[in-house]
Every structure is written in C-alpha cells, then in structure tokens.
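So the protein sequences, as listed, match chains G and Y. Just so you know, we're using the numbering used here here: the first sequence kicks off at 1 and counts up by one. Just so you know, we're using the numbering used here here: the second sequence kicks off at 1 and counts up by one.
Worth flagging that the hints you see were computed from the coordinates, not collected in a lab. As the structure is a computational prediction, the values presented were derived from the model and not from experiment. Heads up, a few of these hints could be off.
To be verified - Derived list of chain G stretches under chain Y, where covered just means 3 residues or more per stretch with a C-beta under 8 angstroms from a C-beta of chain Y:
(1) 21–30
(2) 60–70
To be verified - Partial chain G-side listing against chain Y, Cβ under 8 angstroms, derived:
(3) Pro-40
(4) Gly-41
(5) Lys-42
(6) Leu-89
(7) Ile-94
(8) Tyr-101
Glycine included, every Cβ here is placed at the ideal spot set by N, Cα and C.
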Amino acid sequence: KQEVTQIPAALSVPEGENLVLNCSFTDSAIYNLQWFRQDPGKGLTSLLLIQSSQREQTSGRLNASLDKSSGRSTLYIAASQPGDSATYLCAVPINAGGTSYGKLTFGQGTILTVHP
Amino acid sequence: ETGVTQSPTHLIKTRGQQVTLRCSSQSGHNTVSWYQQALGQGPQFIFQYYREEENGRGNFPPRFSGLQFPNYSSELNVNALELDDSALYLCASSSLQRAHEQFFGPGTRLTVL
C-alpha cells in the first residue's frame, strides 16, 4: 500500500526567502507525482506534474524534482511571497497499476506561511 | 469552459442521518473521483466513476455510495452518518485519457453532530 509523508508539517518564513518542501513515498513504482496547492477551506489546484521519466519540472518560481529510486520529491519555491501562503500537498497514484489513473494517495500536507 | 462545482457548500447533520453531496463535472470530462479530507489531513480517495460505473474504490465502507449521471454530474451518498464523517468532501473531474489532469471542486464541508 502506497504511503506518502510530507516534511515539515508547517513552515513559517519571511518574505523573499527560498524554501524547500519535502515529500517521500514508499512504493517507487509510480508513473507520476503531483504537487497541489490548497487555500484554507478550498479545493486543490494542481501546481506541477512530474512523469516518472522526468527528473524535474518548473513553473515560474516553482521547481519540483523527483528521485524515484529513493522515493523522494522536493518542491522548491524561490523568492517566496505572502501570496504563497497555503497548504502544499504531494500526491502519487494509489498503486502502480494502469487502473490507478486519477486515483491518488496524498501526503498530509505542509502548511506554509510567508510573512511580510 | 466551466469549472467543477459542488453543492452544498456547508452542511450540518446529526449522527445516524443520511446525506447526499453533489458535483458537477467540468465540461467534456467523463470521470469523477471523490475524496474525503479530515481536518489537518490530506485527501483520502473514496471512489471513482467512469461512464456511470464505479471504477475503483478506496478503503471506505459500503455506506459510502455514489452515482454518476449521463451528463457526468455525480452524487456521493453517505448513510448512517458517524461523527468521524465530519470532513471536507472533494470531487475531481477528468477525462480518462488524461486522468492525471484532475480539476478539483471547492468542496462540501460536512459537520456531523
């Protein structure tokens, strides 16, 4: 059974700082990994999707890396802003089979606060 | 292109009651997945529907059931509500061909007293 862990559970940084969020998963036979953002009481917004054949993906100030062999992914946020304050979740398919499309196992999330 | 919508936004029920939550999928999407998110936790997969048939289920008891309609809107039904069912319920729609591109609705906050 796939399990996903995120560290740290919460992070508070001053504006402008670069930061790294960590995600680990137990079954390395994944075909993709996603990072999501969730604002309080809201739904999820997909930030980045990394396919198993890729090592990293970038979108603006966000960069996500994937190391399947070690079961780890990191989300790097450059020059953080107060608007980045949210919960960040990583997710992988429930199992390695092809029937896992759209069925995700999530970590518990990292609550990020960026203060001015 | 319309987004995913869910209704109601908030709901309060008492233990033992039944509840129905609704989700309207994004236009052109034929797959819907439901998740339960307890406070401070990540979402947990409940089940997925594709073309009106259940297409996979997580570790949830049979009192959690669903429906998908020909217009691809969907319902989540929970019978015999328990206090631990209090959570944010999220639906996500996608096309099966591009299932990794899921679009989440804003969720329904269910409180069971």
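Point to revise | Status of the G/Leu-89 interface restraint (C-beta, 8 angstroms, chain Y) | key: Hint on G/Leu-89: holds, closest Cβ of chain Y at ~6 angstroms, below 8 angstroms.
**Study point:** Whether chain Y covers the region 60–70 of chain G (at least 3 residues having a Cβ closer than 8 angstroms to its Cβ atoms)
**Key:** Result for this restraint: violated, n = 0.
**Study point:** Satisfaction of the G/Pro-40 interface hint, Cβ to chain Y closer than 8 angstroms
**Key:** Status violated, d = 10 angstroms.
Point to revise | G/Tyr-101 as chain Y interface residue, shortest Cβ-Cβ below 8 angstroms | key: Holds, because the Cβ-Cβ distance from G/Tyr-101 to chain Y comes to roughly 3 angstroms (cut-off 8 angstroms).
Review point. Does G/Gly-41 meet its interface restraint, that is, does its C-beta lie within less than 8 angstroms of any C-beta in chain Y?
Key: 7 angstroms, holds
Check your understanding: Once the shortest beta carbon distance from G/Ile-94 to chain Y is found, is it less than 8 angstroms?
Key -> 6 angstroms, holds
Point to revise | Three-residue Cβ test at 8 angstroms for the coverage of the region 21–30 of chain G by chain Y | key: Since three or more residues must qualify, the claim that chain Y covers the region 21–30 of chain G is violated, with 0 doing so at under 8 angstroms.
**Study point:** Per-residue hint verdict: G/Lys-42, partner chain Y, C-beta under 8 angstroms
**Key:** With a minimum Cβ separation of about 6 angstroms from chain Y (threshold 8 angstroms), the hint on G/Lys-42 holds.
Hints 1, 2, 3 from the earlier list are contradicted by this structure; the remaining hints agree with it.
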